[in-house]
Structure formats: C-alpha cells, structure tokens
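If you number the sequence shown the way my numbering does, the last residue is 153 and the count never jumps.
It is worth saying that the hints were derived from the structure and are not from the lab.
Glycine is no exception: its CB is placed at the ideal position from the N, C-alpha and C atoms.
It is possible that part of the hints are untrue.
Now the in silico label distances, taken between C-beta atoms and shown as ranges [as the list claims (entries may be wrong)]:
#1 33 x 142: 40 to 48 Å
#2 44 x 94: 45 to 53 Å
#3 53 x 116: 32 to 40 Å
#4 114 x 27: 51 to 59 Å
#5 136 x 33: 48 to 56 Å
#6 76 x 35: 48 to 56 Å
#7 143 x 116: 37 to 45 Å
#8 16 x 37: 44 to 52 Å
#9 108 x 41: 34 to 42 Å
#10 130 x 53: 16 to 24 Å
#11 130 x 36: 48 to 56 Å
#12 117 x 74: 18 to 26 Å
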Amino acid sequence: MRRFPAREGWARLFCWLSAAGLVGLLAREIRLRGPFVLSAPASPVARTQPAMEEMLRFLRQVSIRAPRGASVAIVEGEQDVAFLSPVMIYFLALGQLPEQRVLYADSLPAAASRAEYVGVYGGGLSDSRLRLVARVPEGALYRKVR
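Produce the complete structure using the sequences and hints provided.
Written as structure tokens, this is what we have:
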C-alpha cells in the first residue's frame, strides 16, 4: 500500500486543531460556570436542580425548629414554585421530616386550620392565626396561635 505523506500531515494537523478546539470550548465552559470544584455536593440534587436544593434546605430548617411529633404543613409563599406541585411538596416533606407528622395542604387556609406548624416556602405572610417562629432565607416557619 502506498503512503501519501501530504495526507498524513493534514490528518495530523486536523487532529491537533480539533483537540485545541475542544480544550478551548472546555476553558470557555469553566469560565462561564465558575471554577472547577472537586467537592461533594450538599445534596443529591444540588448541581442538577438548584431550586429543589433550596426546598430541601428549607425542610431541613423546619425539621430542626419544629418539635418532634408536631403536625406540620408546608405551603408555597409569595414566590411561585412552578416546578413543585402541592403533592410533590407534601411527599418531599414526608421524606425530610420523619420525626414530625406531615399534613397535606394545598393552600394556606387549609394548612392553618389543620396543622400546629406551617412552613411557608418562598417568603413570608401575614395571618392573624399564625405566629412567626423562625425566618430562614428560603422561607419561614409559623406556629398556630391558640
């Protein structure tokens, strides 16, 4: 078989240019996304679904502040959480609040009438039936006034 030195040179040049282009694209992505970090994420969804990570952080704060055995309902606040339905919020709360009794609530009036504690994700509220227990960056926890 006959070799073509000119073709070999072009193929080698093409390989080097392709590799340089890929390295350039990688450097661009690192610059756009921030520094390359080799650390464990805070939760399994931290790098794929940041909004759900905020919800998990909020539920962690609720689990710390609500007493064991208390009934808790989690509802949306002023911030619209389009990626989570009330059913999804309920199931997330069930998994993250094992020591509390989680009640399903699709609205604030339903939550305030049935639960001792109401976690409001995405902001605060003003309701005479509820007293603020703690405010966290992702929302607030209220207790029913007796």
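Evaluation of the provided hints:
Restraint check, residue 33 to residue 142: a C-beta distance of roughly 42 Å satisfies the suggested window 40 to 48 Å. Distance hint check for residue 44 and residue 94: the Cβ-Cβ separation is about 34 Å, which falls outside the suggested range of 45 to 53 Å. The hinted window of 32 to 40 Å between residue 53 and residue 116 holds, with their beta carbons roughly 33 Å apart. At about 57 Å, the beta-carbon gap between residue 114 and residue 27 stays in the expected band of 51 to 59 Å.
Our hint of 48 to 56 Å for residue 136 and residue 33 holds, since their Cβ atoms are close to 55 Å apart. A C-beta distance of roughly 53 Å is found between residue 76 and residue 35, which places it inside the suggested range of 48 to 56 Å. Between residue 143 and residue 116 the beta carbon distance is about 23 Å. The supplied range of 37 to 45 Å is therefore violated. In this structure the hint that residue 16 and residue 37 lie 44 to 52 Å apart at CB is violated, the actual value being about 32 Å.
Checking the proposed 34 to 42 Å range against residue 108 and residue 41 shows it holds: the Cβ atoms sit about 41 Å from each other. For the pair residue 130 and residue 53, the beta carbons lie near 22 Å from each other, so the given range of 16 to 24 Å is met. The supplied range of 48 to 56 Å is broken by residue 130 and residue 36, whose beta-carbon atoms lie about 34 Å from each other. Remark: the range hint 18 to 26 Å for residue 117 to residue 74 is upheld by a beta-carbon distance near 22 Å.
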